[in-house]
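If you're matching them up, the sequences are chains W and P in order. The numbering of the first sequence is the numbering used here, which starts it at 1 and goes up by one. The numbering of the second sequence is the numbering used here, which starts it at 114 and goes up by one.
The set of hints was computed from the structure by calculation and includes no laboratory data. Incorrect hints may have been included.
Said to hold, decoys possible - Straight-line distance between alpha carbons at most 27 angstroms, and here's what the computed DSS-like set of lysine-lysine pairs gives:
| hint | chain 1 | residue 1 | chain 2 | residue 2 |
| --- | --- | --- | --- | --- |
| 1 | W | 68 | P | 183 |
| 2 | W | 60 | P | 215 |
| 3 | P | 215 | W | 52 |
| 4 | P | 127 | W | 77 |
| 5 | W | 77 | W | 52 |
| 6 | W | 56 | P | 215 |
Said to hold, decoys possible - Here are some of the chain W residues that sit facing chain P, going by a computed Cβ distance under 7 angstroms:
| hint | residue |
| --- | --- |
| 7 | 42 |
| 8 | 43 |
| 9 | 46 |
| 10 | 103 |
| 11 | 104 |
| 12 | 106 |
| 13 | 109 |
| 14 | 110 |
From the three backbone atoms N, C-alpha and C, an ideal C-beta is built for every residue, glycine too.
Listed below are the residues making up each chain.
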Amino acid sequence: GNSVTQMEGPVTLSEEAFLTINCTYTATGYPSLFWYVQYPGEGLQLLLKATKADDKGSNKGFEATYRKETTSFHLEKGSVQVSDSAVYFCALSEKDGANNLFFGTGTRLTVIP
Amino acid sequence: NAGVTQTPKFRVLKTGQSMTLLCAQDMNHEYMYWYRQDPGMGLRLIHYSVGEGTTAKGEVPDGYNVSRLKKQNFLLGLESAAPSQTSVYFCASSSPTAQNEKLFFGSGTQLSVL
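Work out the full structure: start from the sequences and follow the hints.
Here it is in structure tokens:
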């Protein structure tokens, strides 16, 4: 079956620190992989995605590389800001159509000045 | 830009009461979804719809019903609320042309069942 495992939070970092949030997946085929972000009081928003092995998704200084050999899609940012404080969800989608998006449990990030 | 709008934002129910959550989207999306978000469990799909007049069960459909009478609206009903349904509920929509790769979410409804 399909599943996504994220590192447990919460994660607290100082401003300008390096961020890594680990995500690994299990899938029967060749999924697309995503990171969604949820800012306080809001719904989830797509942050970045990668649709095939070795692809790198990037947005707002965040990056994640689709690693088929390790079934991973870790989220990284070189220098976090207070405004990056949010909950981050890793997700996968294995086929077209509806009802195919599987989310991880989310990792809460707090960045302190 | 309204996007996906959920009402109400907060609600407190007593066990056994009923209520309906309304989701409206103005992006002409075919697909709409209802998720619940619980601590340590991420998002779980309750029901979804691939078009007006059609609905289907997701991962955790028990205790909920849905209707999609109009393309822009997707209603989630609780006929007899239970404390286990205390959760944050999110509606989302997407376009088939995006192959379900980008969902647009509402800001959520916090429901407490006492």
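Tested hints:
no.: 1; hint: 68/W <-> 183/P; in the structure: 41 angstroms, violated
no.: 2; hint: 60/W <-> 215/P; in the structure: 17 angstroms, holds
no.: 3; hint: 215/P <-> 52/W; in the structure: 16 angstroms, holds
no.: 4; hint: 127/P <-> 77/W; in the structure: 44 angstroms, violated
no.: 5; hint: 77/W <-> 52/W; in the structure: 21 angstroms, holds
no.: 6; hint: 56/W <-> 215/P; in the structure: 17 angstroms, holds
no.: 7; hint: 42; in the structure: 5 angstroms, holds
no.: 8; hint: 43; in the structure: 3 angstroms, holds
no.: 9; hint: 46; in the structure: 5 angstroms, holds
no.: 10; hint: 103; in the structure: 4 angstroms, holds
no.: 11; hint: 104; in the structure: 6 angstroms, holds
no.: 12; hint: 106; in the structure: 6 angstroms, holds
no.: 13; hint: 109; in the structure: 16 angstroms, violated
no.: 14; hint: 110; in the structure: 16 angstroms, violated
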